[in-house]
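> What follows is each chain in one-letter form.
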Amino acid sequence: MNIFSTRSDNELAMPNHNLPPGTLIIDPESSKPVLTVFGYSPDNFEERTLSHPDEVKEFMQKWPLIWLNVDGLGDEATLRSIAHIFNIHPLALEDIADTSQRAKVEQYDNHAIFIVVPMPHPVDHEHEFTTEELCLYLGERYVVSFQETAPGDCLEVIRNRIRQKKGRVRISNAAYLAYALVDTVIDAFFPIVSAMGDSLDALEARIMEESKNSQIFDIRAVKVNLMRVRRAVWPMRDAVLNMTTMEQVWGPDLRPYLRDASDHISRLMDLIETDRMMASDLMELYLNSTSNRLGEVNKFLTVVATIFIPVGAIASIYGMNFDMEKSAWNMPELKWTYGYPFALGLMTAVAATFLIVFWRRGWLGNQFDGNKQKPK
Amino acid sequence: MNIFSTRSDNELAMPNHNLPPGTLIIDPESSKPVLTVFGYSPDNFEERTLSHPDEVKEFMQKWPLIWLNVDGLGDEATLRSIAHIFNIHPLALEDIADTSQRAKVEQYDNHAIFIVVPMPHPVDHEHEFTTEELCLYLGERYVVSFQETAPGDCLEVIRNRIRQKKGRVRISNAAYLAYALVDTVIDAFFPIVSAMGDSLDALEARIMEESKNSQIFDIRAVKVNLMRVRRAVWPMRDAVLNMTTMEQVWGPDLRPYLRDASDHISRLMDLIETDRMMASDLMELYLNSTSNRLGEVNKFLTVVATIFIPVGAIASIYGMNFDMEKSAWNMPELKWTYGYPFALGLMTAVAATFLIVFWRRGWLGNQFDGNKQKPK
Amino acid sequence: MNIFSTRSDNELAMPNHNLPPGTLIIDPESSKPVLTVFGYSPDNFEERTLSHPDEVKEFMQKWPLIWLNVDGLGDEATLRSIAHIFNIHPLALEDIADTSQRAKVEQYDNHAIFIVVPMPHPVDHEHEFTTEELCLYLGERYVVSFQETAPGDCLEVIRNRIRQKKGRVRISNAAYLAYALVDTVIDAFFPIVSAMGDSLDALEARIMEESKNSQIFDIRAVKVNLMRVRRAVWPMRDAVLNMTTMEQVWGPDLRPYLRDASDHISRLMDLIETDRMMASDLMELYLNSTSNRLGEVNKFLTVVATIFIPVGAIASIYGMNFDMEKSAWNMPELKWTYGYPFALGLMTAVAATFLIVFWRRGWLGNQFDGNKQKPK
Amino acid sequence: MNIFSTRSDNELAMPNHNLPPGTLIIDPESSKPVLTVFGYSPDNFEERTLSHPDEVKEFMQKWPLIWLNVDGLGDEATLRSIAHIFNIHPLALEDIADTSQRAKVEQYDNHAIFIVVPMPHPVDHEHEFTTEELCLYLGERYVVSFQETAPGDCLEVIRNRIRQKKGRVRISNAAYLAYALVDTVIDAFFPIVSAMGDSLDALEARIMEESKNSQIFDIRAVKVNLMRVRRAVWPMRDAVLNMTTMEQVWGPDLRPYLRDASDHISRLMDLIETDRMMASDLMELYLNSTSNRLGEVNKFLTVVATIFIPVGAIASIYGMNFDMEKSAWNMPELKWTYGYPFALGLMTAVAATFLIVFWRRGWLGNQFDGNKQKPK
Amino acid sequence: MNIFSTRSDNELAMPNHNLPPGTLIIDPESSKPVLTVFGYSPDNFEERTLSHPDEVKEFMQKWPLIWLNVDGLGDEATLRSIAHIFNIHPLALEDIADTSQRAKVEQYDNHAIFIVVPMPHPVDHEHEFTTEELCLYLGERYVVSFQETAPGDCLEVIRNRIRQKKGRVRISNAAYLAYALVDTVIDAFFPIVSAMGDSLDALEARIMEESKNSQIFDIRAVKVNLMRVRRAVWPMRDAVLNMTTMEQVWGPDLRPYLRDASDHISRLMDLIETDRMMASDLMELYLNSTSNRLGEVNKFLTVVATIFIPVGAIASIYGMNFDMEKSAWNMPELKWTYGYPFALGLMTAVAATFLIVFWRRGWLGNQFDGNKQKPK
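Protein chains in written order, with the numbering used here: chain A, 1 to 376; chain B, 1001 to 1376; chain C, 2001 to 2376; chain D, 3001 to 3376; chain E, 4001 to 4376.
Please note that the accuracy of each hint is not assured.
[Stated by the list, open to error] List of simulated lysine-lysine pairs, BS3-like, C-alpha gap at most 25 Å:
#1 A:Lys326 to E:Lys4165
#2 C:Lys2166 to C:Lys2062
#3 E:Lys4335 to A:Lys326
#4 B:Lys1057 to B:Lys1165
#5 B:Lys1326 to E:Lys4165
#6 C:Lys2335 to D:Lys3326
#7 E:Lys4032 to E:Lys4057
#8 E:Lys4062 to E:Lys4212
#9 C:Lys2165 to C:Lys2062
#10 B:Lys1032 to B:Lys1057
#11 A:Lys326 to B:Lys1326
#12 C:Lys2326 to A:Lys335
#13 C:Lys2326 to D:Lys3062
#14 A:Lys165 to A:Lys57
#15 B:Lys1335 to C:Lys2335
#16 D:Lys3335 to E:Lys4326
#17 E:Lys4326 to D:Lys3326
#18 E:Lys4212 to C:Lys2335
#19 D:Lys3062 to D:Lys3166
#20 A:Lys212 to A:Lys62
#21 D:Lys3057 to D:Lys3165
#22 B:Lys1335 to D:Lys3326
#23 A:Lys326 to D:Lys3335
#24 B:Lys1335 to C:Lys2326
#25 B:Lys1166 to B:Lys1062
#26 C:Lys2032 to C:Lys2057
#27 B:Lys1212 to A:Lys212
#28 B:Lys1326 to C:Lys2326
#29 E:Lys4212 to A:Lys212
#30 C:Lys2212 to D:Lys3212
#31 A:Lys166 to A:Lys62
#32 A:Lys335 to B:Lys1335
#33 C:Lys2212 to B:Lys1212
#34 A:Lys335 to B:Lys1326
#35 E:Lys4057 to A:Lys335
#36 D:Lys3335 to C:Lys2335
#37 D:Lys3335 to E:Lys4062
#38 D:Lys3165 to D:Lys3062
#39 D:Lys3212 to E:Lys4057
Keep in mind that the hints were calculated from the coordinates and are not lab data.
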């Protein structure tokens, strides 16, 4: 795969356009679903990994609130039975299986809320990142979350809050849990965008130190990543805004929290825009330093050529073979006692004249090295 | 025709501006209409190719829902009798005959809905594509679809769903059928946009490998195609949005489906914008590599000229004809035992000095070839 | 006048800012008004050229609908008596006389509608065009149209429809006639924009064939024209939109027609935007080919200079006058039997080496000519 | 002061940020207020220059409508007594004294309207212009206008209309007077923007004639002025729009007039945008002609160097000193009867070859001079 | 830290994403809180520095209005007890502690208003600036303000107004105090933006005097600062707009004041946009002058090389060794009486010809120095 591709494999996935809407497409290489369920009340909680979806019914009877997390989408039967248990709309189920969705929040007629957000996977490389789709299906007493890949995500902090009864999650309703999950995902973008900014800072330092051709690819790589993260974050704005309009779900108590999430997205967008502007400026800086290098090469040629071409021309003149015997007009200099020193002096004078011109125009200093010095 | 033209022949077609609104213009080269009709109920279906429009009346009596598809617009009488049977508004009929419409959804006073969408014809070339206009006239119990060219389209999947009773189409109303047709057309754009992205990826790899002048035309070609696909898709956004406001036609049951179609268009626009940005970046990359090539040429000239011009100048000096007999000052070097080696040494020293300067400035490495190496 | 001026003389006309609003300014060079009147009913029509405005009163009594067309605005008395007869608002009359208006639709308290649209005059040159102002004053039973210049316009098609009872115009009201006139004017822009697109296509073909300095002026000329047509068309959008909101004038029956006009403007804007984007791309193409030409010049210099400068330097070396008698070290080559062939061989070897380097770098092919070949 | 500064002194004035809102800051260098008052009724009028603000009270009793004009803001006591007489809001008074406001229209609770508009002072230079702030305080029966500098403004036309009973001003209310003043100020921008357009036309003609470095400064100067006029005009749009919403002040009778003013601003903005686009294009044209000049220089070097370097190299070859006595292989040409003509012929042939190449590539024509010729 | 970083340390701070919402994060290096309280009535005031938050309760009983200012956020216990006393919402408290917020105004259900604005710290350097976050918590009878760093801010002017009973602050309510604080902060941005404009003016003067490579970094630095100040000011627009919608807090009396603050932000944005445009133009100017310098170098090379290369070639021709004994055709010039003067004359003629060409093309004048002269 071309590493500069702006599109992840997910994004390239085409909608299942030859099938009726609501049809489930299971990627055969997708990992098999792992089902983990949390049941909790303000006073207690229970956590279990399920071997079969039906086991969740027992939890639903036992606990006022449950959170079922599905890791991996590779088994249609499992998905269908979960959909049946929680009464998930066929289109929502199709969107769950299709992992190329944009962030969105939708309400179905059975008053269930369906939320899709991209969840970032931080990776080792400086500014590489991958996202997977996190789908939440929110009913009155449950949240079902679907993830594309095997266990390992940024939601562990929420699990710990449930386990340790930190924050409001244990004492709030399912809508709060859904909000908390979305908020956690939003915040998980910050270190990624921050790392991109750091890459740009480092790149700028390197361009100022010494400009190289490969830097254009580095700038490009950051730009592509910024565009991808922007495309992931941008629809989340509308999605969170959508959430704030669903007053019957997230009541007045939760409104400040949603506004807070909305604020975080605004800050993310600010940071991304700043980084994009910085990347554009870097390109300008890079092109300027490239053009300076070319100018340096031209200047060097000019200095050397304009000094030695006249010297060579003068030398050639005294290398002419006019017959001095025939006429006193013919090259009398050759017979002068100081003819040779005179010729050398003439050459030196010409060269010196040009050198003075160059010096006065400031062409002898090395402009390009000046690039290395940071101002002030 | 200029292959870079951004306008397809259709788009160039001018509205019939010398005729009163509602006048039908039949392109004489257009193919004759082929009428295919589907009548279906949840339990059964019938499919037939009609020899005369009036035969459709029999279907209308027999089946609760019918879909009449008209392939080819080359016969005014046929169009007029269809319009008469289905009570099609004169302006809608004019728009059907005029194949240069933008996507739109309009409601006429007889509560009929008129939909125009561009339908892509995938073709062999990498990123070439053509569209034809698909017009839908939607009544309470029928959908009439008009296509510009002879049979062969992306709607076969819908026909199969009717035949095989797949999905909801057989058990839903005419509005659902219209939605399904529009949705299929939207989805048919995905492979095309995807192919353009692939072209850009391939082009980028080639530019990084070796930049050539012809690449600017390749970039241009993709940009033109992107602009054309963008111009086709953009008005579909408003059209689908329009559909969602017609609640009495597409009721609450179908709203999630329309939202889904709207989502697909958003994703299409995202992909197109990404590709456009990528094409701009490619142009930047191309121009940078062109400028690097020019820089390489200049550097080569500089290196060779600044080495050999001084060498030539020194040689010319010892080619001067000053009379050594006349004065000991005149070119004593010529009589030195090691005069010639001294001169050669002087030349070598000058050349070596410059070479060292070049080497320290990094001008000897081949920057241009460095372009071929992908970073990291 | 500078032919590149982006402003037509009309547009430069300043509002009469030293006079109270409502004052009439008559351009003395303007042609005298020619008054033509149509009176018609569904059954019959009468057409006459009037010698005095008052004659129109007779028509008003005789016919249910009349259309008075005024060609030329060069007589204040005539305008004032028309204004008096049709009760035209002073500000509307001022706007009629001032020929530098933008498209607009305004409603006065006496329920009259005042419409201004730019009407294109197609001209011979490729992409030159001029507009004149068409003002319509629409009452319940009449339309008065004002044109700046002498007879000759794109409204003849409407006149023919009245004469030949084609379309709906004879059986509709005055508002329909006003709509039909506006629609005709909108459609008259299509061939102009189309011609500009053709100019761009032709220009592109020529730039690809061979880039010349004068082409930048051609691109500029099209851009200026596009900007002018855009400035003329853009306000018509709002004007037509305004018309759709005046429900009491253009009732539900006419709404589809107004939507149709609105669609045509959207398509016009699409075409103009496409042409603008194409003009920008052409500039990029032009600059690229200019830069390629410069690169070709540089490459030629580099190839010739780097081959002949070393050859010259070698020749100069063997032209040195070191005394071979004094020492066996001094230029022994000169006495070799094959000294001269050796020297020529050395030169050939150096030249061949450089030629091979050039060939391997692809500098010997003529990149610039490559511009002539269209891809694929 | 830097003449390219984009900011006038006014604009640089900072709000009085260390003082409580409502505090009056009097610029000590400001000229002392000159008070002129007009009292008028439909039948008569009186005009007087006041020595003390209190004299205006007498006018207020005598005339149904008065217009007090204050030229110069350099005396706090005078301003405060005017404010007291007309009940001017403290914030409005602060804004009157602070001469760096944007255009705005505000309504205070005492139903007074406060209007700020920039009033242009036409100056001699081509496209220089300065603005001063015109503040209007509009009550039911009076308009108080404040100007920053000593008498001399574009409002004389309004004064003449009052004196000569031209137009509607004498028979209308105070709101009409305020409208007339604003309208006059708007129209005063037209000749300024028009003059800028003329400057650009002239500049374009000069760039096409011969490109010079100083032209970039001329383009810059126009751009800066355009930006300043744009910044002055832009907020007037919102201000006039604001006026149209104040129905109780400017009733239905005046609405067409306000729409007319709004139209004039739209046309101003159109002209400014056109000029801005033209300035951008000029920069492109300038840069292109600069780059052409550089190309010309390079081409000249290439032509001369590629002809004479090979000639020099050939001459050097026949200047080599190989010993013809030693071997028949050594430089036999030197002994040919036609050796010298042969060598000259060789040089001529090489030079001619290159000249033909140059001629066929079109490098011998003077592209740069071609810039002088206008196309077509 | 990279001095060109567009992000201050604050901005880089990530939200506490591993903690439940409402958790307080105290930066251990933050300075300990210093509490200063003002209690005031229209008649009197009291000012004290508190050693413990609880002391403020006494003030609340004693005075109708109090303003508590907290400088430094380095102690959780203090913050929590203040939050407890004033009933501050947990999310607001979290935002107070997290110093990377955007400007915002929020209303909590207990009718308290929470305001965040960036407060600039003017610093010595030309266009450097830092901001700290100012948070205001506004209740019916109190304003609590939180600042990040130790005492020293731009709010001293408000304190003086309270102490000296200047302006309306002593006679108004808490909402007015909050408005006055926000207004003071807005006005504090003016000198900073103004200083940036001055930097740009100075930079422009220097670029016109002599273009240097380091100037690109200076332009960059101003651009980065402009972007930072823009990012700080932009959200304040929405925040102040938000304030105007909270009618129950800032009643009709205060509306003109809020409009005034909104106006100031608009003027700030105008100035920032102007400066941004100016920075872009400077970059264009800089690049143009860089390109002119390169052109000068090329022109110098061209002039020297095209004069001396032909001279050298001619000299080389008369340095050829054709055997004059063998043939009268061989280099007869060498034996001419005036052969040498003839050769020198030939060289002079060629050089003079080129010099005349250069002079006529204007290549001998020093274009680059011309950059130093300001136009007009």
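> For each hint, tell me whether it holds in the structure or not.
Taking the hints in turn, this is what the structure says about them:
1. A:Lys326 to E:Lys4165: Roughly 110 Å between the alpha carbons, so the hint for Lys326 of chain A and Lys4165 of chain E is violated.
2. C:Lys2166 to C:Lys2062: Distance of about 22 Å is within 25 Å: holds.
3. E:Lys4335 to A:Lys326: Holds, at about 6 Å.
4. B:Lys1057 to B:Lys1165: 24 Å, holds
5. B:Lys1326 to E:Lys4165: Judged against 25 Å, a Cα distance of about 105 Å means the pair is violated.
6. C:Lys2335 to D:Lys3326: 6 Å, holds
7. E:Lys4032 to E:Lys4057: This hinted pair holds, its Cα atoms lying about 21 Å apart.
8. E:Lys4062 to E:Lys4212: 65 Å, violated
9. C:Lys2165 to C:Lys2062: 19 Å, holds
10. B:Lys1032 to B:Lys1057: Roughly 21 Å separates the two Cα atoms, so the pair holds.
11. A:Lys326 to B:Lys1326: 18 Å, holds
12. C:Lys2326 to A:Lys335: Distance of about 21 Å is within 25 Å: holds.
13. C:Lys2326 to D:Lys3062: 124 Å, violated
14. A:Lys165 to A:Lys57: 24 Å, holds
15. B:Lys1335 to C:Lys2335: Distance of about 17 Å is within 25 Å: holds.
16. D:Lys3335 to E:Lys4326: 6 Å, holds
17. E:Lys4326 to D:Lys3326: 18 Å, holds
18. E:Lys4212 to C:Lys2335: Answer violated: Lys4212 of chain E to Lys2335 of chain C is near 57 Å, above 25 Å.
19. D:Lys3062 to D:Lys3166: 22 Å, holds
20. A:Lys212 to A:Lys62: Between Lys212 of chain A and Lys62 of chain A the Cα gap is close to 65 Å, so the pair fails against 25 Å, i.e. violated.
21. D:Lys3057 to D:Lys3165: 24 Å, holds
22. B:Lys1335 to D:Lys3326: With a Cα-Cα distance of about 21 Å, the restraint between Lys1335 of chain B and Lys3326 of chain D holds, given a limit of 25 Å.
23. A:Lys326 to D:Lys3335: With a Cα-Cα distance of about 21 Å, the restraint between Lys326 of chain A and Lys3335 of chain D holds, given a limit of 25 Å.
24. B:Lys1335 to C:Lys2326: 6 Å, holds
25. B:Lys1166 to B:Lys1062: Holds. Lys1166 of chain B to Lys1062 of chain B sits at ~22 Å (cutoff 25 Å).
26. C:Lys2032 to C:Lys2057: The hint holds at about 21 Å.
27. B:Lys1212 to A:Lys212: Between Lys1212 of chain B and Lys212 of chain A the Cα gap is close to 21 Å, so the pair holds against 25 Å.
28. B:Lys1326 to C:Lys2326: Answer holds: Lys1326 of chain B to Lys2326 of chain C is near 18 Å, not above 25 Å.
29. E:Lys4212 to A:Lys212: 21 Å, holds
30. C:Lys2212 to D:Lys3212: Within the cut-off at roughly 21 Å; holds.
31. A:Lys166 to A:Lys62: The hint holds at about 22 Å.
32. A:Lys335 to B:Lys1335: 17 Å, holds
33. C:Lys2212 to B:Lys1212: 21 Å, holds
34. A:Lys335 to B:Lys1326: Given pair Lys335 of chain A, Lys1326 of chain B holds - Cα atoms ~6 Å apart, limit 25 Å.
35. E:Lys4057 to A:Lys335: Given pair Lys4057 of chain E, Lys335 of chain A is violated - Cα atoms ~111 Å apart, limit 25 Å.
36. D:Lys3335 to C:Lys2335: Satisfied, since the Cα-Cα distance of roughly 17 Å is no more than 25 Å.
37. D:Lys3335 to E:Lys4062: Not OK: Lys3335 of chain D and Lys4062 of chain E at ~123 Å, beyond 25 Å, violated.
38. D:Lys3165 to D:Lys3062: 19 Å, holds
39. D:Lys3212 to E:Lys4057: Not satisfied, since the Cα-Cα distance of roughly 75 Å exceeds 25 Å.
Hints 1, 5, 8, 13, 18, 20, 35, 37, 39 from the earlier list are contradicted by this structure; the remaining hints agree with it.
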